[in-house]
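Novice: Residue numbering for the sequence shown follows the working numbering, beginning at 70 and increasing consecutively.
Mixed in with the good hints there might be a few duds.
Here are the simulated distance ranges between beta carbons [what the hints assert, rightly or not]:
| id | residue 1 | residue 2 | range |
| --- | --- | --- | --- |
| 1 | GLY184 | THR106 | 46 to 54 Å |
| 2 | ALA124 | ASP251 | 24 to 32 Å |
| 3 | GLU185 | LEU244 | 18 to 26 Å |
| 4 | GLY79 | GLU160 | 51 to 59 Å |
| 5 | LYS196 | ALA223 | 49 to 57 Å |
To be clear, the hints were calculated from the coordinates, so they are not data collected in a lab.
The structure displayed is predicted, hence computed values, not measured ones.
Idealized CB from N, CA, C, for every residue including glycine.
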Amino acid sequence: YEDLAAVLAGNPYYAANARRYVVAWKRYWGEYIPRMTATKAVPDGAAWGSYPSLASSVTTKAAQTYNVLVHSFTPGSFKGIIFLASPQMVEKDQGANYGEQLSAMANCWKERLGGEDPHFFYTIPNKKLAPKITRPEGIKGRSTPYEIGHWLTAKRGDDEGTAVVNRQFMGLIDLVVEEAYD
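Make the full structure from the sequences, and use the hints.
Specialist: Below, the structure written as structure tokens:
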């Protein structure tokens with residue numbers, strides 16, 4: 070929390086980060102630049118053009134969670150959303166909860182991301198990939214499924230798998246374009 074708060078204005082952690090930032094700039098202009106000018110070399114061996122930054126490099130689980138699950142829900146005006154299923158989504162229950170969980174997520178995204186009923190396109194694994202797969206019946210507004218029979222990744226050197234993945238992606242793109250321009 071403290072790491073994340075340091076980059077969001079209006080709290081003591083941000084204020085401390087801002088003070089650190091000002092001190093870093095003073096040191097940069099008061100020590101670093103004069104040393105670089107005098108020696109004609111970068112004092113710390115860093116790349117030319119590096120300078121103090123207010124942003125921190127937050128790599129904690131909390132930061133990753135915030136960046137992916139919270140900040141990404143900043144309101145916008147999207148005409149459509151494309152969701153790609155991954156094997157991890159069905160590995161525990163073979164897809165038995167996929168429909169319910171995807172419906173909840175899709176409705177949250179559609180409401181939070183804004184726009185006039187953004188079209189929700191999503192991939193749904195077939196029974197070969199997820200034997201107990203359930204379909205999302207609760208998605209509000211416009212939504213269109215695209216069934217996949219192969220995960221959307223292939224191992225390096227797997228030409229056959231890559232061809233299947235490419236065909237599926239092209240099919241999904243065709244579906245999205247066709248729906249979007251109708």
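Novice: Work down the list of hints and note, for each, if the structure agrees.
Specialist: Okay, the hints, checked on the actual structure:
1. GLY184 / THR106: 46 to 54 Å: Since the Cβ atoms of GLY184 and THR106 sit about 52 Å apart, the hinted range of 46 to 54 Å holds.
2. ALA124 / ASP251: 24 to 32 Å: 43 Å, violated
3. GLU185 / LEU244: 18 to 26 Å: The hinted range 18 to 26 Å holds for GLU185 and LEU244, with Cβ atoms some 21 Å apart.
4. GLY79 / GLU160: 51 to 59 Å: Taking Cβ atoms as reference, GLY79 and GLU160 lie about 41 Å apart, which means the hint is violated.
5. LYS196 / ALA223: 49 to 57 Å: Since LYS196 and ALA223 have Cβ atoms about 21 Å apart, the given range 49 to 57 Å is violated.
The structure fails to meet hints 2, 4 and 5 from the earlier list, while all remaining hints are met.
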